[in-house]
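Taken in sequence, the protein lines are chains R and W. Quick note: the first sequence, position 355, residue 354 per numbering that gives the first Met the number 0, numbers continuous. Quick note: the second sequence, position 217, residue 216 per numbering that gives the first Met the number 0, numbers continuous.
Honestly, I wouldn't trust all of these hints.
Calculated pairs, BS3-like style, for lysine-lysine (alpha carbon to alpha carbon, straight line, at most 27 Å) [unchecked claim]:
no., chain 1, residue 1, chain 2, residue 2
1, R, Lys261, R, Lys154
2, W, Lys281, R, Lys436
3, R, Lys212, R, Lys187
4, W, Lys28, R, Lys9
5, R, Lys5, W, Lys300
6, W, Lys281, R, Lys9
7, W, Lys247, R, Lys5
8, R, Lys5, W, Lys302
9, R, Lys568, R, Lys296
10, R, Lys483, R, Lys606
11, R, Lys614, R, Lys296
12, R, Lys438, W, Lys144
13, R, Lys646, R, Lys483
14, W, Lys246, R, Lys5
15, R, Lys9, W, Lys300
16, R, Lys296, R, Lys280
17, R, Lys80, W, Lys144
18, R, Lys9, W, Lys246
19, W, Lys144, R, Lys614
20, W, Lys144, R, Lys9
21, W, Lys304, R, Lys5
22, R, Lys86, R, Lys219
23, W, Lys168, R, Lys9
24, R, Lys606, R, Lys80
25, R, Lys86, W, Lys304
26, R, Lys623, R, Lys512
27, W, Lys247, R, Lys9
28, R, Lys436, W, Lys144
29, R, Lys457, W, Lys144
30, W, Lys302, R, Lys9
31, R, Lys214, R, Lys187
32, R, Lys5, W, Lys168
33, R, Lys614, R, Lys457
34, R, Lys181, R, Lys609
Note that these hints are calculated values from the structure, not bench results.
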Amino acid sequence: MFDYIKHLYKGILLIVIIAAILLFSDLNNRNKQKKENRFFDIKHRSEFFAEPGETYKIGIVYFAPDISLDILFNGLFTGLKEIGFVKDSNLQVTFSHANGETGNIQPVLQNMDNKDVDLIMTMTTPCLTGACAAIKNKNVVFTYCYDPITAGAGKSYSDHLPNITGVGSFPPIEQTINFIEKLLPGIKSVGTIYNSSEANSRKVMSVARELFKQKGIKLKEMTVTNANEVYQAAQVITSRDIQALWITGDNTSLQAFDGILKNTDRSKIPLIVNDIEFVEKGATAAIGIGWYHTGYKTAPMVARVLLGENTENIPIENIVEENIDINFDKIEKLEIQIPDDIFDFINAKSEKLKLTKKLNLTLIQYNDSPISEPSHEGIIDALVNLGLRPEIDFELTARNAQADISTLNLIVDATITENYDLVFVTSTPTLQTAAKKIKNTPVVFSVVADPIIAGAGKSFTEHLPNFTGISTLGDFEGMIKLLKQILPDAKTIGTLFTPGEINSVNNKDELEKYANQYGLKLIVVPVNSSSEVTDAAKSLISNDLDAICQIVDNLTSSSYPTILKISKKANIPFFGFVSKQANDGAVAVVARDYYQAGVDAVNLANKIFKGENPKDIPFEFVSKTNIIINLDAAKFYGINICGDVIKSADKILY
Amino acid sequence: MTLLIGSITIGLILSLLAVGSYISFRIFKFPDLTTEGSITLGAAIAASLIVYGVHPLIATILAFAGGFVAGGITGLLHTKFKINGLLAGILVMTALYSVNLHVMGRSNVPLLSDITLITYFEQFADFITPNIESINILGWTASEKDIYVLLFILITIILISIIIYLFFKTNLGTAMRATGDNQQMIKALGVNTNLMIILGLAISNGLIALSGAFLAQYQGFADVQMGIGMVVWGLASVIIGEALLSKKSLGLLITGAIMGSILFRLLVAIALRWGMNPNDLKIITALFVFIALIMPGMLNKFKRKGIC
Chain R
0 MFDYIKHLYK GILLIVIIAA ILLFSDLNNR NKQKKENRFF DIKHRSEFFA EPGETYKIGI
60 VYFAPDISLD ILFNGLFTGL KEIGFVKDSN LQVTFSHANG ETGNIQPVLQ NMDNKDVDLI
120 MTMTTPCLTG ACAAIKNKNV VFTYCYDPIT AGAGKSYSDH LPNITGVGSF PPIEQTINFI
180 EKLLPGIKSV GTIYNSSEAN SRKVMSVARE LFKQKGIKLK EMTVTNANEV YQAAQVITSR
240 DIQALWITGD NTSLQAFDGI LKNTDRSKIP LIVNDIEFVE KGATAAIGIG WYHTGYKTAP
300 MVARVLLGEN TENIPIENIV EENIDINFDK IEKLEIQIPD DIFDFINAKS EKLKLTKKLN
360 LTLIQYNDSP ISEPSHEGII DALVNLGLRP EIDFELTARN AQADISTLNL IVDATITENY
420 DLVFVTSTPT LQTAAKKIKN TPVVFSVVAD PIIAGAGKSF TEHLPNFTGI STLGDFEGMI
480 KLLKQILPDA KTIGTLFTPG EINSVNNKDE LEKYANQYGL KLIVVPVNSS SEVTDAAKSL
540 ISNDLDAICQ IVDNLTSSSY PTILKISKKA NIPFFGFVSK QANDGAVAVV ARDYYQAGVD
600 AVNLANKIFK GENPKDIPFE FVSKTNIIIN LDAAKFYGIN ICGDVIKSAD KILY
Chain W
0 MTLLIGSITI GLILSLLAVG SYISFRIFKF PDLTTEGSIT LGAAIAASLI VYGVHPLIAT
60 ILAFAGGFVA GGITGLLHTK FKINGLLAGI LVMTALYSVN LHVMGRSNVP LLSDITLITY
120 FEQFADFITP NIESINILGW TASEKDIYVL LFILITIILI SIIIYLFFKT NLGTAMRATG
180 DNQQMIKALG VNTNLMIILG LAISNGLIAL SGAFLAQYQG FADVQMGIGM VVWGLASVII
240 GEALLSKKSL GLLITGAIMG SILFRLLVAI ALRWGMNPND LKIITALFVF IALIMPGMLN
300 KFKRKGIC
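Extracted from the complex, chain R is given alone in its bound form (with noise of 0.2 Å):
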């Protein structure tokens, strides 16, 4: 044995040596934080982790379904996901609420006291206030809620009641106030409706009078107790001297939203709410608290309690993330002049990024190709356009696999040593190969014609946690009805293809799809390498074609001049889905934009510098479809096209 290992030394060595080198080419991501002197350590996954094998129960009990709520959950449910306790799975969720009734609040949570759960949740103020006094059994934990001092959980956010904690988020009324002053220079009186049985709305409007009374302005109130008055007091103070509306986040108020929207749009009023979730369903603007992060920073909480912690021990905790939006729709109607200022503020809290510290990109690409090339550009000049400065705010290393697929995985495992920010991928391969092996960065993907398919997800929303990104898949429908434009007569068209490329034998069914619906009748060769392009094209021609309707493939996108050639020699009109045949002699090219294709990935990694979640955000098709036409080349095989055609294009070549 000891003889066998002696000759075997020099590899061994080789090996020890090598693999040393790369480790301390990695020498920097090592792991600073321990600095005591442990050279073996194991890290366990969270402090507050599930049990395995262990079945939690929660039961939920809230005033009525609303938008905003709905993302809290959303925010709620994935920071406990990240934590072990799954809803579905090893979480038990009991949803009940109140139908927008302050009577029912406590019978529902009586009967949820009396249910088998480990833990009430309650969610908005009134449902909080209720357990307070229902509820003496069983460990509550609030969230969505303004003020849980008013609401009665307590005197202060440490000395509260002993088996009640959770998240208090009190809204930015300060902020509010001055954005009102800004957005309306020189306003004179804001209205506002609430319930004023409710304590948080209580709460908001004796601070946000004395503020107004500092401004100088006038706030005129309206009260209601339940969600049917809000029309008619809606009518009432639109039509008293009011130069803007606010709504706070009032539950019975928001809960007849369309009523007060209804109120405001008829007198153009300005409808100022504090839930940016409402800015969608027509309100002006909004500056609020994104409920989706206090749903998040709320769930190692629940965490805690259901592993046995004593509520009387944890903090009532206040999280608010400031958030501004605006419609810029109702803006426009109403004739508001966003001053600059506000702009600028909007900007710097939306659209631009705030780096806090150089940003670490990769992409990676499978080979060289007339499809890499330009998404690769796309995604450099989108960083730039996003304001940052390569090499200052972001670096971009591009890596390249050059068709080797054991080089790919190398690749790959360089990629997750190297800790990027965030990665780029292109093309089905690469993001098969990142989907198995990336789990904690952020990945987005472009030039994948269809991702559902490479098993990226089950949908274009739901799909891999830590991926999204942008589809490439061709505008099939939109080439055939141009071909049924420019040639009406058309029976017959036909394509080559690729079986060896998924993308290919994809692109190929959907065009059959869509060639069959419009009465065209699809007829394709295989091709299987480039030396094979010149025989396939000519016994391409040698069916009875009409067009050729060439789809896009990597073997077929760097040999399209054979087919193109052929065709004008055997004077049938080419038909392409890449921008540049169309310059070559395509009669007309309906172009999925692969430079878009970079651009468009990069403002999906952008919703993600921004600090949303990829899993929530959806794939998406490439935003850019370019119609081109060449009249030189439609003379070239004797068609007329008709103006409308001409109109339609993006981009006309004579």
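Given chain R's structure and the hints, the job is docking chain W onto it.
Here is chain W on its own, set in the frame of chain R:
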């Protein structure tokens, strides 16, 4: 650390390819190009069967069988139809491209959500040490699952190597080795050399397909183009392995091929880690092989001149 573990794991998986290449290239002196087709065939069979619901272990074994048949056909073309070895390999490799497309039904089969052998290894990791996510070794953190996968692959490769070693020590195995060394002599002893060549190539390609099956499960998909360049990887590993040995014997050569494969991966990993221009990747790979090829000769020259 992830890169180190990753490159050793890939090196080990592809060491089956190296051992397969060693059997055809060194034992039979047969320049076998079937490799590029059979590694994909192994991946295709394993991936398709796993997606179909077959147990991954059975799928992996059937992948070996697939490669075995492919190699056998190359051998048959060479021995029965007297086709030049290089050509026979090219013929089968070309045909396998279509076969692989049929096996998979399309050009790419993802395994991301299916249970593979690798998933079993990872589950085993959770079973033994359920609460550990990563391990800190001398300051470098490594994912616990990656380490388990590496260990299991290592054990698997050692077991397979021992089986191959023992096989080539049997009478049949010895006859096969002798066929490569001296066909005339072994024919005179009454051994059917054609059968030996067919069987040898079959085993060689079976191992290569096995390598493909593991690779597909490790990286999470099979792609019809994944075989490109694999002949070079296999031969390079064999050559680097040989350059490392001071004495040549069956056991040492098999171990050498495995070490060569790991070393080759590590070298590529370093090239990647040091951030060289991505366009130069292939030329650097070629350079490694070149150095490995001339190294033993150079060392001997120096030795003769008494320099070292």
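The hints, checked one at a time:
1. R:Lys261 x R:Lys154: Violated - the C-alpha atoms of Lys154 of chain R and Lys261 of chain R are around 41 Å apart, more than 27 Å.
2. W:Lys281 x R:Lys436: holds (24 Å)
3. R:Lys212 x R:Lys187: Roughly 11 Å between the alpha carbons, so the hint for Lys212 of chain R and Lys187 of chain R holds.
4. W:Lys28 x R:Lys9: holds (25 Å)
5. R:Lys5 x W:Lys300: holds (23 Å)
6. W:Lys281 x R:Lys9: holds (26 Å)
7. W:Lys247 x R:Lys5: holds (12 Å)
8. R:Lys5 x W:Lys302: Since the Cα atoms of Lys5 of chain R and Lys302 of chain W sit roughly 19 Å apart, the hinted pair holds (cutoff 27 Å).
9. R:Lys568 x R:Lys296: With a Cα-Cα distance of about 68 Å, the restraint between Lys568 of chain R and Lys296 of chain R is violated, given a limit of 27 Å.
10. R:Lys483 x R:Lys606: Violated, because 39 Å separates the two Cα atoms, which is more than 27 Å.
11. R:Lys614 x R:Lys296: Roughly 17 Å separates the two Cα atoms, so the pair holds.
12. R:Lys438 x W:Lys144: holds (12 Å)
13. R:Lys646 x R:Lys483: Holds, at about 16 Å.
14. W:Lys246 x R:Lys5: holds (10 Å)
15. R:Lys9 x W:Lys300: holds (18 Å)
16. R:Lys296 x R:Lys280: Holds, at roughly 26 Å.
17. R:Lys80 x W:Lys144: Holds: Lys80 of chain R and Lys144 of chain W sit about 19 Å apart, inside 27 Å.
18. R:Lys9 x W:Lys246: holds (11 Å)
19. W:Lys144 x R:Lys614: Status holds; Cα separation ~23 Å.
20. W:Lys144 x R:Lys9: violated (30 Å)
21. W:Lys304 x R:Lys5: holds (25 Å)
22. R:Lys86 x R:Lys219: violated (44 Å)
23. W:Lys168 x R:Lys9: The given pair, whose Cα atoms are some 25 Å apart, holds under the 27 Å limit.
24. R:Lys606 x R:Lys80: Measuring from Cα to Cα gives roughly 22 Å; hence the hint holds.
25. R:Lys86 x W:Lys304: At roughly 74 Å apart (the allowed maximum being 27 Å), Lys304 of chain W and Lys86 of chain R break the hint.
26. R:Lys623 x R:Lys512: holds (22 Å)
27. W:Lys247 x R:Lys9: Holds, at about 13 Å.
28. R:Lys436 x W:Lys144: Satisfied, since the Cα-Cα distance of roughly 11 Å is no more than 27 Å.
29. R:Lys457 x W:Lys144: holds (25 Å)
30. W:Lys302 x R:Lys9: It holds: about 16 Å lies between the C-alpha atoms, which stays within 27 Å.
31. R:Lys214 x R:Lys187: Satisfied, since the Cα-Cα distance of roughly 10 Å is no more than 27 Å.
32. R:Lys5 x W:Lys168: holds (22 Å)
33. R:Lys614 x R:Lys457: holds (12 Å)
34. R:Lys181 x R:Lys609: holds (25 Å)
Checked against the numbered hints given earlier, the structure breaks hints 1, 9, 10, 20, 22 and 25 and satisfies all the rest.
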